[in-house]
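First to last, the protein sequences are chains A and B.
The first sequence begins at 20 in the numbering used here and counts up by one.
The second sequence begins at 20 in the numbering used here and counts up by one.
Worth double-checking, as some hints may not be accurate.
As the list claims (entries may be wrong) - Covered stretches of chain A, as calculated for chain B (at least 3 residues, CB under 8 Å):
| hint | region |
| --- | --- |
| 1 | 59-66 |
| 2 | 114-126 |
| 3 | 168-176 |
| 4 | 180-193 |
| 5 | 206-215 |
What the hints assert, rightly or not - A short list of chain A residues far from chain B (calculated; beta carbon distances all over 10 Å):
| hint | residue |
| --- | --- |
| 6 | Asp69 |
| 7 | Arg150 |
| 8 | Ala244 |
| 9 | Leu317 |
| 10 | Arg336 |
For the record, the hints were derived by calculation from the structure and aren't laboratory data.
Just so you know, even glycine gets a beta-carbon here, dropped at the ideal spot from N, CA and C.
Number of protein chains: 2
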Amino acid sequence: MAPSIVVRDVLDREAVRRSVDTALADFLAAKARTATSQPQLGYLSGLLQDFMAGGKRIRPLLCATGWYAVGGGEDPRSVFQVAACLEMFHAFALIHDDVMDNSDTRRGRPTVHRTLAEHSAGRRGEEELERFAHSAAVLLGDLALTWSDELLHEAGLTPVQLGAVLPLLNEMRTELMVGQFLDLDATGGLTDDIEATLNVNRYKTAKYTIERPLHIGAAIAGAGAEAMAAFTAFALPLGEAFQLRDDLLGIYGDPGTTGKSRLDDLRAGKNTTLTALALRGADAAQTARLRSSLGNPLLDERGAADVREIFEATGARATVERMIDERHRQALAALEDSPFPFAPDALAALEEIAHLATVRNS
Amino acid sequence: MAPSIVVRDVLDREAVRRSVDTALADFLAAKARTATSQPQLGYLSGLLQDFMAGGKRIRPLLCATGWYAVGGGEDPRSVFQVAACLEMFHAFALIHDDVMDNSDTRRGRPTVHRTLAEHSAGRRGEEELERFAHSAAVLLGDLALTWSDELLHEAGLTPVQLGAVLPLLNEMRTELMVGQFLDLDATGGLTDDIEATLNVNRYKTAKYTIERPLHIGAAIAGAGAEAMAAFTAFALPLGEAFQLRDDLLGIYGDPGTTGKSRLDDLRAGKNTTLTALALRGADAAQTARLRSSLGNPLLDERGAADVREIFEATGARATVERMIDERHRQALAALEDSPFPFAPDALAALEEIAHLATVRNS
Numbered sequence: 020m021a022p023s024i025v026v027r028d029v030l031d032r033e034a035v036r037r038s039v040d041t042a043l044a045d046f047l048a049a050k051a052r053t054a055t056s057q058p059q060l061g062y063l064s065g066l067l068q069d070f071m072a073g074g075k076r077i078r079p080l081l082c083a084t085g086w087y088a089v090g091g092g093e094d095p096r097s098v099f100q101v102a103a104c105l106e107m108f109h110a111f112a113l114i115h116d117d118v119m120d121n122s123d124t125r126r127g128r129p130t131v132h133r134t135l136a137e138h139s140a141g142r143r144g145e146e147e148l149e150r151f152a153h154s155a156a157v158l159l160g161d162l163a164l165t166w167s168d169e170l171l172h173e174a175g176l177t178p179v180q181l182g183a184v185l186p187l188l189n190e191m192r193t194e195l196m197v198g199q200f201l202d203l204d205a206t207g208g209l210t211d212d213i214e215a216t217l218n219v220n221r222y223k224t225a226k227y228t229i230e231r232p233l234h235i236g237a238a239i240a241g242a243g244a245e246a247m248a249a250f251t252a253f254a255l256p257l258g259e260a261f262q263l264r265d266d267l268l269g270i271y272g273d274p275g276t277t278g279k280s281r282l283d284d285l286r287a288g289k290n291t292t293l294t295a296l297a298l299r300g301a302d303a304a305q306t307a308r309l310r311s312s313l314g315n316p317l318l319d320e321r322g323a324a325d326v327r328e329i330f331e332a333t334g335a336r337a338t339v340e341r342m343i344d345e346r347h348r349q350a351l352a353a354l355e356d357s358p359f360p361f362a363p364d365a366l367a368a369l370e371e372i373a374h375l376a377t378v379r380n381s
Numbered sequence: 020m021a022p023s024i025v026v027r028d029v030l031d032r033e034a035v036r037r038s039v040d041t042a043l044a045d046f047l048a049a050k051a052r053t054a055t056s057q058p059q060l061g062y063l064s065g066l067l068q069d070f071m072a073g074g075k076r077i078r079p080l081l082c083a084t085g086w087y088a089v090g091g092g093e094d095p096r097s098v099f100q101v102a103a104c105l106e107m108f109h110a111f112a113l114i115h116d117d118v119m120d121n122s123d124t125r126r127g128r129p130t131v132h133r134t135l136a137e138h139s140a141g142r143r144g145e146e147e148l149e150r151f152a153h154s155a156a157v158l159l160g161d162l163a164l165t166w167s168d169e170l171l172h173e174a175g176l177t178p179v180q181l182g183a184v185l186p187l188l189n190e191m192r193t194e195l196m197v198g199q200f201l202d203l204d205a206t207g208g209l210t211d212d213i214e215a216t217l218n219v220n221r222y223k224t225a226k227y228t229i230e231r232p233l234h235i236g237a238a239i240a241g242a243g244a245e246a247m248a249a250f251t252a253f254a255l256p257l258g259e260a261f262q263l264r265d266d267l268l269g270i271y272g273d274p275g276t277t278g279k280s281r282l283d284d285l286r287a288g289k290n291t292t293l294t295a296l297a298l299r300g301a302d303a304a305q306t307a308r309l310r311s312s313l314g315n316p317l318l319d320e321r322g323a324a325d326v327r328e329i330f331e332a333t334g335a336r337a338t339v340e341r342m343i344d345e346r347h348r349q350a351l352a353a354l355e356d357s358p359f360p361f362a363p364d365a366l367a368a369l370e371e372i373a374h375l376a377t378v379r380n381s
């Protein structure tokens, strides 16, 4: 990594992105170079490099901020390498998620299994092609999960740092997978159980996206229980707000900005707090319309407009906006009331992250 | 783990199985106990426990033998824990493999995605059920991969031991995935390229099943380059023989003993050295019969009998038997010529493993 990295860079979003992307690109290029006897490795690492190009790098930013906010240290290189590990793990999670949801686009581009199908089209019949593409995408996800570990192993952490990071990383991974299982288990049957949707949200997003990256960065800097608790108090409401915003963007966002179709979540019958609120507030006729549209793989733009109208009419959309606001405020209040004395620049960085996570259009 | 473990146990197959199974059961029980806020963890760890019940524990045995053969140490507990890590990783590999092949049975019992489908039947339509079962099985495999790491982290290795083991484990995981990709990429089009089938075999089996477990066990005991090279010279021919025997068992084995259908490999159009040899040796009429049968998902027992007849008539089956013998002898010769001075009891254990791997009916 370039020697020009300075500690203050960890609060600069573009600098974090550059450092993490350099770590990822170096790692993947090294994998492609070992491909002399395994030319497929070059192809697979190239696929991964392309897939990762479009991310927001929010987990790396949180990891770097967590490190800085508890005192950090003189050399942020290890924390950028661990942040790259989190981003590689996230690539794994997204690739498998897209296979499970059978999504066609991600970040405005074809998903990995779509790309694999394109590369292999003509060589296989349609059914065979679909199976190959899904299987190879699962495999590329497995590789990303394995390689995320290697990035950690190469991060140059001391045994003490590694001992602090590993249990958190393990927790994070199991939490995400349990959240994903809850999500899968709920998909296919619509629910008006708002608490159940918030529970999935907590595991799949709040802990995974916000809390654990902060904790892991802080653990590298040797943070104690007080700082960890302060991060949790900030992260859980913020993470919930982040996912609630994501739910809204999946329905109302501009596909040109979000990179995602506005039909996918509706067609998949994804249970969100928004859909649970709508079902809770719907009259008999609205309930019938929701039940015939949500989870209908053939839903078109007109049907989606009808669903959006019910989300407005039942007040579900407005309630979700209010829940985002409340949680955003709770997160800021947690910073203000933190028993751990965050420095002013760290506080400002955390407040900016809270703003970015809740008030965004992509 | 029970304090009654003694060093000599590592060469006793039943003792290795007991120790590794205890480590796995303790680990999974602990996961189920943390399930107070995540009851799904209890269900998922139970699924994994059931799935792992039937394995042969060949990788743990090799890991333990590798450790012992280079001098081992006074306490084999760490090596059993690392062996448990390899077995958990193998559970991941099999679960994902079964999803990719859409296999219904494994070890004489329903595969994980079949079990998940059974548990969820009635709650979903057929297509939805299939998708849920495949997705949840991918997720359970992901959990097994993650948990295999945790078993390693908890193995009580010194930093020096961990530093020796990790690069080998990383290599092993990437090699398996590349082998699996090669295999996927080749499936769907039949090949008479014998070298190509042996190349998949080398990555997917010889290195993964035999060489790396020996290396990893040996690394815990601080083995040097000479011992590692001796294991490689033994393991690669033996691993190829192991896979060639597996290919034969998939076609000719007794399903009551192997726990696998004798139709699955044929229906999937799996490219093996056996099928490549048959295609190479077939006349025009036989080639046409092979091409209409291999990869035909509706192939019945009669069609399978016809394929077996061609395997005999072309001499493919006899050639594979001869290749197994040759490789078995090469492996034994490598032990005899080893520049590393293995002790007599270690040599005897390695020879017994070579026998078990090549002359078996399950």
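Worksheet item: Going back to the hint list, which numbers does this structure go against?
Response: 7
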